[in-house]
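Novice: So you can see what is in the structure, the chains are spelled out below.
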Amino acid sequence: MKVNLMHGAGGEVMGELLRTITNLKNNNAGGIGLESLDDGAVIPINGQNIVFTTDSHVVSPIFFPGGDIGRIAVCGTINDLAMMGGRPIALSCGMIIPEGFEIADLERIVASMDAALGECGASLVTGDTKVLERSALDTIIVNTAGIGIVERPVRDNGLAIGDRIIVSGTLGDHGVAIMAHREGFEFGDQIRSDVSPLWSLVESAMAAGEIHAMKDPTRGGFANAINEMARKSGHGVVIEEESLPLRKSVRSAAGMLGIDPLEVANEGKVILGVKPEDAEAVLEAIRSHPYGRDAAIVGTVVEGSNVVMKTAIGGERFIEPPIGDPVPRVC
Amino acid sequence: MRTSGNITIRGIVQGVGFRPFVYAKAHGYGMRGTVKNLGSEVQIAACGERFEEFLRAVAKGTPLSRIDSVEVTPLAGEPPAGFTILESKAGSRSGFIPTDVAVCDECIADITAPGGRYEGYWATSCVNCGPRYSIITAIPYDRERTSMDVFPVCSPCEREYTDPACRRHHAQTIACAGCGPQLALLHADGTPVRAAEPIREAAALLDAGAIVAVRGIGGFHIACIEASAWTLKRRLGRTEQPLAVMATPEEAGRIADISGDEWKQLESRERPIVVLAKRDPDAHASISNLHTIGIMLPYTGLHHLLFASLSHPLLIMTSANLPGYPMITDLGQAVERLSGQVDYILTHDRRIVNRCDDSVVRDGFLIRLSRGYAPKRTPIDLGERCILGVGPELNANITIYRSGFAVTSPHVGNVRNPATLAYLQETVEKIGGIIGADYDRIVHDLHPQFLSTRYARELAEVTGAELLAVQHHRAHIAATTREECVGIAIDGVGYGDDGTIWGGEIFAGCVPDYDRVAHLEVALMPGGDLATRFPERMLYGIMPTEETRDLLASRGWSEVELAVLEKQVAKRFNVAETSSTGRVLDAASALLGLCRERTYDGEPAVKLESAAYRGRAAAWNLAFGSKDGREVFSTRSLLSEAYRRMQAGERIVDIAASVQYNLARGVAAMGVRAAEERGIPRVALSGGVAYNHAIREAIRAEVLAAGLEYVINKEYPLGDGCISYGQVVCGGSAER
Ligand SMILES: [Fe+3]
Ligand SMILES: [Mg+2]
Ligand SMILES: [Zn+2]
Ligand SMILES: [Zn+2]
Numbered sequence: 001m002k003v004n005l006m007h008g009a010g011g012e013v014m015g016e017l018l019r020t021i022t023n024l025k026n027n028n029a030g031g032i033g034l035e036s037l038d039d040g041a042v043i044p045i046n047g048q049n050i051v052f053t054t055d056s057h058v059v060s061p062i063f064f065p066g067g068d069i070g071r072i073a074v075c076g077t078i079n080d081l082a083m084m085g086g087r088p089i090a091l092s093c094g095m096i097i098p099e100g101f102e103i104a105d106l107e108r109i110v111a112s113m114d115a116a117l118g119e120c121g122a123s124l125v126t127g128d129t130k131v132l133e134r135s136a137l138d139t140i141i142v143n144t145a146g147i148g149i150v151e152r153p154v155r156d157n158g159l160a161i162g163d164r165i166i167v168s169g170t171l172g173d174h175g176v177a178i179m180a181h182r183e184g185f186e187f188g189d190q191i192r193s194d195v196s197p198l199w200s201l202v203e204s205a206m207a208a209g210e211i212h213a214m215k216d217p218t219r220g221g222f223a224n225a226i227n228e229m230a231r232k233s234g235h236g237v238v239i240e241e242e243s244l245p246l247r248k249s250v251r252s253a254a255g256m257l258g259i260d261p262l263e264v265a266n267e268g269k270v271i272l273g274v275k276p277e278d279a280e281a282v283l284e285a286i287r288s289h290p291y292g293r294d295a296a297i298v299g300t301v302v303e304g305s306n307v308v309m310k311t312a313i314g315g316e317r318f319i320e321p322p323i324g325d326p327v328p329r330v331c
Numbered sequence: 001m002r003t004s005g006n007i008t009i010r011g012i013v014q015g016v017g018f019r020p021f022v023y024a025k026a027h028g029y030g031m032r033g034t035v036k037n038l039g040s041e042v043q044i045a046a047c048g049e050r051f052e053e054f055l056r057a058v059a060k061g062t063p064l065s066r067i068d069s070v071e072v073t074p075l076a077g078e079p080p081a082g083f084t085i086l087e088s089k090a091g092s093r094s095g096f097i098p099t100d101v102a103v104c105d106e107c108i109a110d111i112t113a114p115g116g117r118y119e120g121y122w123a124t125s126c127v128n129c130g131p132r133y134s135i136i137t138a139i140p141y142d143r144e145r146t147s148m149d150v151f152p153v154c155s156p157c158e159r160e161y162t163d164p165a166c167r168r169h170h171a172q173t174i175a176c177a178g179c180g181p182q183l184a185l186l187h188a189d190g191t192p193v194r195a196a197e198p199i200r201e202a203a204a205l206l207d208a209g210a211i212v213a214v215r216g217i218g219g220f221h222i223a224c225i226e227a228s229a230w231t232l233k234r235r236l237g238r239t240e241q242p243l244a245v246m247a248t249p250e251e252a253g254r255i256a257d258i259s260g261d262e263w264k265q266l267e268s269r270e271r272p273i274v275v276l277a278k279r280d281p282d283a284h285a286s287i288s289n290l291h292t293i294g295i296m297l298p299y300t301g302l303h304h305l306l307f308a309s310l311s312h313p314l315l316i317m318t319s320a321n322l323p324g325y326p327m328i329t330d331l332g333q334a335v336e337r338l339s340g341q342v343d344y345i346l347t348h349d350r351r352i353v354n355r356c357d358d359s360v361v362r363d364g365f366l367i368r369l370s371r372g373y374a375p376k377r378t379p380i381d382l383g384e385r386c387i388l389g390v391g392p393e394l395n396a397n398i399t400i401y402r403s404g405f406a407v408t409s410p411h412v413g414n415v416r417n418p419a420t421l422a423y424l425q426e427t428v429e430k431i432g433g434i435i436g437a438d439y440d441r442i443v444h445d446l447h448p449q450f451l452s453t454r455y456a457r458e459l460a461e462v463t464g465a466e467l468l469a470v471q472h473h474r475a476h477i478a479a480t481t482r483e484e485c486v487g488i489a490i491d492g493v494g495y496g497d498d499g500t501i502w503g504g505e506i507f508a509g510c511v512p513d514y515d516r517v518a519h520l521e522v523a524l525m526p527g528g529d530l531a532t533r534f535p536e537r538m539l540y541g542i543m544p545t546e547e548t549r550d551l552l553a554s555r556g557w558s559e560v561e562l563a564v565l566e567k568q569v570a571k572r573f574n575v576a577e578t579s580s581t582g583r584v585l586d587a588a589s590a591l592l593g594l595c596r597e598r599t600y601d602g603e604p605a606v607k608l609e610s611a612a613y614r615g616r617a618a619a620w621n622l623a624f625g626s627k628d629g630r631e632v633f634s635t636r637s638l639l640s641e642a643y644r645r646m647q648a649g650e651r652i653v654d655i656a657a658s659v660q661y662n663l664a665r666g667v668a669a670m671g672v673r674a675a676e677e678r679g680i681p682r683v684a685l686s687g688g689v690a691y692n693h694a695i696r697e698a699i700r701a702e703v704l705a706a707g708l709e710y711v712i713n714k715e716y717p718l719g720d721g722c723i724s725y726g727q728v729v730c731g732g733s734a735e736r
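Chains R and F are the protein sequences, given in the same order. Read in full-length UniProt numbering, the first sequence has 23 at position 23, and its numbers run on one by one without any break. Read in full-length UniProt numbering, the second sequence has 691 at position 691, and its numbers run on one by one without any break.
Be a bit skeptical, because a hint or two may be false.
DSBU-like cross-link-like pairs, simulated, lysine-lysine; straight-line CA separation at most 30 Å [as the list claims (entries may be wrong)]:
no. : chain 1 : residue 1 : chain 2 : residue 2
1   : R       : 25        : R       : 2
2   : F       : 60        : F       : 36
3   : R       : 310       : R       : 275
4   : F       : 430       : R       : 248
5   : F       : 36        : F       : 89
6   : F       : 430       : R       : 310
7   : R       : 130       : R       : 232
8   : F       : 430       : F       : 36
9   : R       : 310       : F       : 89
10  : F       : 627       : R       : 2
11  : R       : 248       : F       : 571
12  : F       : 567       : F       : 627
13  : F       : 264       : F       : 567
14  : F       : 60        : F       : 89
15  : F       : 430       : F       : 627
16  : R       : 2         : F       : 571
17  : F       : 627       : F       : 714
18  : F       : 627       : F       : 89
Taking beta-carbon pairs under 10 Å as the criterion, some of the chain F residues facing chain R (in silico) [claimed, not checked]:
no. : residue
19  : 258
20  : 416
21  : 527
To be clear, the hints were calculated from the coordinates, so they are not data collected in a lab. All C-beta atoms in this analysis are idealised placements derived from N, C-alpha and C, irrespective of residue type, glycine included.
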């Protein structure tokens, strides 16, 4: 069998690929390792917990409404650290650049990286650059890795029954924005990516109450992330459709194309499982952050094993992890 | 001449009054001996001069029984004097359980006889009628294993139960006003309405226009008079959908043009909803805006009493559930979920153990296989393996094969939500439990995202059964015939071998090896399922032209929407490919301005059919091509022709009729050619589109005109209610 594009599309097919490439015996440095497939690893060193994560970024187009590949590359790593509860400290950056790439574009990308770093007080401290011939690569690839420190790591598997599920803002913005820009769809209102570094938002959320689990709904969107959180915790989740924050423009654009905004990527959102008593306080803390103004409590952790959405018309449906392209199923 | 023997009668012999029937015959022929029930067989030890006559008499069975075999072995030892009925025992379980049937004429007479023991009692029944499947918890069928167990019989009932001369001898559902289940009339919030006679009070409320939930045999209905139809539809949020009615026979005859066969169905024990052509296609538009109307006759004592008190001859009777969700069977749920929809609830305290929707029949074809017909048991030899077919996703049911019989469950619904998935699971457990299934093989649809597929995988993991995926339309054909055939499947959507969406397919071969030899032209579905909901999208998918764009613009599509649609199709962004017949009818319906949004199953296509009913079809030129070595009928040119004629001012109803007719001709031509090329003598037809009278008859005529045998299955739905059965047939034929 050969790798195909579905293997990178997130969801269940990608899960198969992940099983192959994470098949390592040496996968844990003493804390949380590769085996848990969390947002990052945790390595206890001299009583301190170091969080460590890495991410490679390929975006087409590299500049899009609301951001660019540089901002995504920094935010991706910072957010993965933040999802473990880690304060981001230092990042590395590896760039693979195709021959013929505009230097001016590189300058824009780097400036954008710097701005994102500045927002959360982290630094890019080491790097590597390769230039490949045109025939071998047709787009820039930016890899970042980062370390942070955390006192008590937050996992993505810690949902407990009764926990309230909070999302930090509108869902689907990044995925729909990229898609619209790439394919040239004009939806009337311009849709902007939500790409942003979330550390300070997460920091204030953690200060406001007890958070049992966190995950950022990137590839595969909310649908993928909430299913993974439910599966890893061994519980079910009930989501109220009407409480899900969706931008009108995103809802309408997705509606016109027949795609589910819950299944497309976000780059500046976090899903939190919060102790019920603390949910309101955490929600308040998130809402008072500029990136969290549209945050909402969207659901509850229950016994069971599925993610079920109570729909606006009084029905229920499963929210399933997307498996690549949706296939029509209505008779 | 034998004068004694052990008679073993196998089949559905339980819950159908078999032992009392045998007892009565034994009495009549002066036999001595015993009779006992072992689940799916009755064993009779009999001895007497007229043994042979007795044997012939008992081998005929009772009205509700199904006899598979009668076997006689020599009798060892002397039977006791007299004839006695012995206790039921579990025994073998191949015979299965009888279905719920309409109250019989004799019981109606009992209910209406003044001064009789059963006068006015709503739950009157006997060995020949009443609920069965809906109240049973386990077999053998005896009162203690039904939801009648909580109603101990009074002494007059006890006397009838034990009196061999009585029609209620061993009638497990025997009950009277003194000992049986009771009715109550409630406000929508569940608080009681003070009423001495709940039925009379409910009838008065209905007559005055109230909307009343009525607990029936297999679930709740929502009832109201015709004048309240709009109110009900608004409350349900289903303003377009036709609703079924229950009417007196006189009223049914006034509304609809009913053939002799249709009368037989209306009055049959199964008492389905029969979809009938209205005498005046425009009448009763608040109930149905189509040329058809679904009518059923009263089928329980409660219904008869309700109609006796009601001054209106007709009630709208729609099942109480969200579309695609299981019907509500429990009072608590009814109060919780129906409070915004109904004003009152007429309920009773007999628990509904197994949900069972009303069955629906049209032109003699089952649209919904449920109350009265299901669980449906078909003798078929599929070998030694025990096989489960979990069905597709929409309009699903399940079928279990074991030891020579396939058993298909009542309608389950759209397995797209947790409640219906749970119901599917429960149905598998219940019916599997009752017949003692232990699966060797589990068959599911090829669609990777169906919840039924996921359930099949999970169940296979637990049971260790092997899994088999069967393509949707092959299951359709397998459900139609096991002989070698050319199979025409005209349908909505089904996942195809090549990952595209099939639904207008011609196969050739023999179960389970059907080659796809021809199909409808592949069209685009912009936005996937979105194109099913908004048929104008499908129209553009089939005809992505400036003309279509202009037509949509004239219908109120904004420039933004049109530009997005155009780009989506040009870039193939989230666009599926389909050869579905249903989608072509949808697109034609959209083209002709008959339906812009589908608000219920099949809406665009049935609206097209209703328009076509008033029009006259003409034969158009048909265009065929080929793709990957398979013949293809061009639906694009069919719709272009329709568009051209519409521009030329031809009547919409005539174009509608012609689209159907020429689509049918195109499909039939491919089927006939495939049969002739391969020397296959028969053509089988299945798929939801085959319910369309004009299309079905046009295909039949073409097939017969070509001198080929035409095969269609009246025993199973043409739509997806046959899929689980077809899956099992494929599963029993596939070697692995
Ligand atoms: Fe089908
Ligand atoms: Mg985390
Ligand atoms: Zn009766
Ligand atoms: Zn009684």
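Novice: Next step is simple, just say for each hint if it's right about the structure.
Specialist: Comparing the hints with the structure gives:
1. At most 30 Å may separate the alpha-carbon atoms for a hinted pair to count; residue 25 (chain R) and residue 2 (chain R) meet this at roughly 24 Å.
2. The suggested pairing of residue 60 (chain F) with residue 36 (chain F) holds, with an alpha-carbon distance near 17 Å, which does not exceed 30 Å.
3. Between the alpha carbons of residue 310 (chain R) and residue 275 (chain R) the distance comes to roughly 21 Å, so the proposed pair stays at or under 30 Å and holds.
4. Our distance criterion of 30 Å between C-alpha atoms is broken by residue 430 (chain F) and residue 248 (chain R), whose separation comes to about 46 Å.
5. With a CA separation close to 8 Å, the supplied pair residue 36 (chain F) and residue 89 (chain F) stays within the 30 Å bound.
6. A threshold of 30 Å between alpha carbons decides the hint, and for residue 430 (chain F) with residue 310 (chain R) the separation of about 27 Å falls inside it, so the pair holds.
7. Taking the CA atoms of residue 130 (chain R) and residue 232 (chain R), the gap is about 38 Å. The hint is violated against a cut of 30 Å.
8. Between the alpha carbons of residue 430 (chain F) and residue 36 (chain F) the distance comes to roughly 25 Å, so the proposed pair stays at or under 30 Å and holds.
9. About 46 Å separates the Cα atoms of residue 310 (chain R) and residue 89 (chain F), which puts this hinted pair outside 30 Å; it is violated.
10. Of the supplied pair hints, the one linking residue 627 (chain F) and residue 2 (chain R) holds, its CA atoms being roughly 28 Å apart against a limit of 30 Å.
11. For the hint pairing residue 248 (chain R) with residue 571 (chain F), the CA-to-CA distance comes to about 24 Å; that is within 30 Å, so the pair holds.
12. For the hint linking residue 567 (chain F) to residue 627 (chain F), the alpha-carbon distance of about 26 Å falls within 30 Å, and the restraint holds.
13. The hinted pair formed by residue 264 (chain F) and residue 567 (chain F) fails the criterion: a straight-line CA distance of about 55 Å is larger than 30 Å.
14. A threshold of 30 Å between alpha carbons decides the hint, and for residue 60 (chain F) with residue 89 (chain F) the separation of about 23 Å falls inside it, so the pair holds.
15. Between the alpha carbons of residue 430 (chain F) and residue 627 (chain F) the distance comes to roughly 46 Å, so the proposed pair goes past 30 Å and is violated.
16. For the suggested pair residue 2 (chain R) and residue 571 (chain F), the alpha carbons sit about 26 Å apart, so the restraint of at most 30 Å is met.
17. Between the alpha carbons of residue 627 (chain F) and residue 714 (chain F) the distance comes to roughly 33 Å, so the proposed pair goes past 30 Å and is violated.
18. For a cut-off of 30 Å, the pair hint linking residue 627 (chain F) to residue 89 (chain F) is broken: about 61 Å separates their Cα positions.
19. Evaluation of the residue 258 (chain F) hint against chain R yields a violated restraint, the C-beta minimum of about 29 Å exceeding 10 Å.
20. Residue-level restraint check for residue 416 (chain F) holds (minimum Cβ-Cβ distance to chain R is 6 Å; threshold 10 Å).
21. Taking 10 Å as the C-beta contact cut-off toward chain R, the hint placing residue 527 (chain F) at the interface holds, the least distance being around 3 Å.
In terms of the numbered hints stated before, the structure departs from hints 4, 7, 9, 13, 15, 17, 18, 19, listed from lowest to highest.
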